[in-house]
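**Student:** Knowing the structure of chain Y, use the given hints to seat chain U on it.
2 protein chains.
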Amino acid sequence: MKKEDHKVRTWLRENRVRGIKLLQKIVQENSTRGNESSTQAVIIEKCRQLGLKLDIWEIGGNELKNHPAFFCDRKDFEGNPNLVAVLKGAGGGKSLILNGHIDVVPVGDETSWRHDPFSGHIEDGKMYGRGATDMKGGNVALLLAIESIIASEIKLKGDIIFQSVIEEESGGAGSLAAVLRGYRADGAIIPEPTNMKLFPKQQGSMWFRITVPGKAAHGGTRYEGTSAIEKAVLVIQRLQQLENQRNAKIKDPLYKDIPIPVPINIGKITSGEWPSSVPDTAIIEGRMGVAPEETMESAQLEMESCLQELGEQDGWLRENPLKIEWFGARWLPGSLEGDHPLMTELTNSFKEVMGRTPVIEASPWGTDGGILSNVGDTPVVVFGPGVTEMAHDANEYIVLDDLFAASEIIALTILNWCGVDDCN
Amino acid sequence: MKKEDHKVRTWLRENRVRGIKLLQKIVQENSTRGNESSTQAVIIEKCRQLGLKLDIWEIGGNELKNHPAFFCDRKDFEGNPNLVAVLKGAGGGKSLILNGHIDVVPVGDETSWRHDPFSGHIEDGKMYGRGATDMKGGNVALLLAIESIIASEIKLKGDIIFQSVIEEESGGAGSLAAVLRGYRADGAIIPEPTNMKLFPKQQGSMWFRITVPGKAAHGGTRYEGTSAIEKAVLVIQRLQQLENQRNAKIKDPLYKDIPIPVPINIGKITSGEWPSSVPDTAIIEGRMGVAPEETMESAQLEMESCLQELGEQDGWLRENPLKIEWFGARWLPGSLEGDHPLMTELTNSFKEVMGRTPVIEASPWGTDGGILSNVGDTPVVVFGPGVTEMAHDANEYIVLDDLFAASEIIALTILNWCGVDDCN
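Taken in sequence, the protein lines are chains Y and U.
Everything in the first sequence is counted per our numbering, starting at 67 for the first residue and increasing by one.
Everything in the second sequence is counted per our numbering, starting at 67 for the first residue and increasing by one.
Next comes chain Y alone, as it looks inside the complex (with noise of 0.2 angstroms):
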C-alpha cells in the first residue's frame, strides 16, 4: 500500500463517527422536490469549511430551458440552489467528477414507516430515513474521501470537482445546469445505489402516452361501437413483440444476468366509465428502456414505426390513428467502454479495499450518467453504496459499512486518477 492511501483509509477508518453524524444531519433534512435548500446549506457549509471553492446558483435560464436534454415540469427553481465545490490541483493531473442528486422522492405513505422518514435512526449498522441510500449516504461517500485527502495534506495534481445537483429524480435538470456551466472533467464518479458494483452503462429511459381511441355503443349492441380496451389489447401485444425484438439484439455480456435488458413497461391504463358501454377511448402509458448505445431519438422512432405499423394493418386504427406523446421525465443513457482507464482505477481500488473483483453490470435504471458523458463529454462510472431495491421505498436505509468501504475506494481511485503532487 502507497504512503497516501495508507493516509486517507486510516483517516477515514478513525473518522467513521464524524462521517455518520454528517450524514444523519443529512438525511434529517427533507430534500424532497422543492425542499432541497436546507439539505445543500449543511453540504454547502462542510464544502466550505473543507476550503474548496464554492460555485452555488440556481439554475434556469433560456439555454438549460432550450436545451434539447432538458425535460423538466418544475415552474421554477427559485431558493435551492446547485452546488458546484472545487478542490483545485497542482496541475498535470486528470480531473474528476464527483456527482450526486440533493433531491429524494417523496416518502409516501408514512404509515408504512417504521421511525419518522427523516429520523436518521441507526439500527443494526444501518441509517435510516428517505434519501439514506438514494443518495445521501453516496454523497457523504464523496464528501469524506476529499476530506481524508485534504485533512492527510495531500495535495493533487488534477481538479475535483464535487457537485451537489437537484432535480435527478426528475430528469436531470441540474446536472445539466452544471455541464452547460462549463464543469466538464476527464472522468466523473456518481455514487447512486448500485450495491457495490461497477455501473459503466445505464440504460435510458422515457415515458411515452398511448391514446386509443374507439367509438362508444350500448354495450348490448356493441358490434355498433368499436372497443377502445380490445385495440389497446393490439397495442400491447406489439409493444411486447417490439420489446423481444429489441432485447434480442443486444449481445452486450453486461446484460448477461439480466433476463430483459432494456424493458417497455407498461405501467398503466385506464380506458372506459360504465360496464355496459363500449369504451371510446383507451390511454396506455409507460415506461420505454434505451439502450446504453443508442439514442433516445432512435429508441422513439423505433416505437413509433412499429405501431405506425399496427395502425396499417388495421381497418380502424387506419382511420383512426393512435396518437403517441413522450411526455414527463426522461433519462439519458451512458455508455462507457469497459478497458476505459476510469474503470480500471476504479476496479484497482475497489481490489484493495474489498479484497475481490467487482461485479460489474449495466444499470437497469438512467442516472445523471447519461448528462454528464452525452452533453458533458465526460467519462463517467456509477458505482456506490446501497441497494436498489429500498431506494423508493418505506423504510429506506443504508448500510453504515457499506458507505465507509465506497468513500476508501473513491478516495483511492481520486488519488490515482488525480495523481499526487511530488511537492507534497
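FYI, nobody ran anything at the bench for these hints, they're computed from the structure.
All figures in this text were calculated on a predicted structure; none of them were measured in a lab.
There are no misleading hints in this set.
Identical copies carry no separate label here, and so any pair may be met within one copy or between two of them.
No more than 16 angstroms apart at the CA atoms, straight line, and that leaves these computed lysine to aspartate or glutamate pairs for EDC-like:
| # | residue 1 | residue 2 |
| --- | --- | --- |
| 1 | LYS87 | GLU111 |
| 2 | LYS281 | GLU455 |
| 3 | LYS281 | ASP459 |
| 4 | LYS389 | GLU375 |
**Tutor:** This is chain U only, laid out in the frame that chain Y set:
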C-alpha cells in the same frame, strides 16, 4: 275493419293534440331516479280521470328485498310511489298488463342538449326531452290506447292492468314489486323503444368485475414483478373466446341479423398508477348478455368456470387467483314463443295499422319483461315507438307519428286480446 277498431282509431286521430299535450306535460317533469313523484302524479291524475281503479304504493319490505330477482342499491323509495291502474273487464276475456317505467336516466352533459333536457320542445314532428323515447312516449301510447277505448264507450271482457313503475333503469325493483303485489295477467305489452319492431325475446344482462392481481416492481427491472396488465390481457382474450363460444351456440332465427346476439362487453379497465412501475392490480368491469332461454345463474357459472380454467393454466394466476364479482344492476332475460297468441294479435294489429308485416327480433338489452315473465309468469312482448340509439343520448326525442301508430296498434290488440263485451 270492425266497428270498434274504427272507433278507437278515429278517436286517436282526432285527439292527437290532446295526446301531444299529455306527453309534453310528462316529459317536462324530471323523473330521474329519486325524483319520480311529480311525473307519477300526472299519470295518477290521468288514470283517475279515466276512472281506472288506482293502486298507489311505496315499494319496499322484506318480501321484495329478499327476493332473488331484487338487485337494487337504492336506500329507500319513500315519496316516489309505484302505480297500478286497472280497467276492470266484464269477465270472460283475457287480461293484459300494459307496463311502462316512469324513471329516466340522468341527462348527462347538459351542454350537449340543444334545448333544456326537460323542454318537451316540438320540431319537425319530434318531441325532445329526457325520457321522450325511453319511455314516456310509450307510456302515453298506452294511456291513449286505454282512453280511446273508454271514450269510444267500448266495454272489454278482460282486465287491462296499466302499470307505471319506478326503477326499471336500475334493475326492475318497481315491476318486481308489482308482481309480488299479485299483478299477473294472460299477457303483457311493454312499449320500450323498439323502433316499432316486435321483441318476443329479450336479452338479459348483468355486470361483472374481475380483479386481476400482479406484483409491483420498478419498470427498469420489470422482470422482478408480474404485470397485472399483462394478466388482464389474458383475461380479456379468454372472455372474447367465451363470447364466441356462447354466440356460436345461438341458432334462433330472431338473431339472424344480429352480429353478436349476447355480447360480453368489457366496458372498463383501470390498472397502474405510474408509467415506470409494474402495476400490481387491474380491475376489469363489463356487462354479460344473457340469452333469452338462459338463466342468469348458468351464464354466471359459465364465465366463472372459464376464468377458473384460465387460472389453472397460468402459473401466476394459479397462486394468485382472479376475483370475480357480480355487482350493480341486472335484468332477467325474457322469451316468448314466436307463435304465441299475443304475438299473433300484435302482428295482426300491426299489419292493419301499418299496412306491412312487422320486423320481429330479439332485444339486445334487458327490460322489465324478464321480471314479468320469469317471476310473474306473464307472457310478454316488447313493442313501442322510439329508437334505441336515442334512448340514453343527449337530445333524446320521439317521432310523434310513431307514438300514435303504436297507440293504434296497442288499442286494436287490446280489443282483440281482452275481447269486446257483447252487451256493448
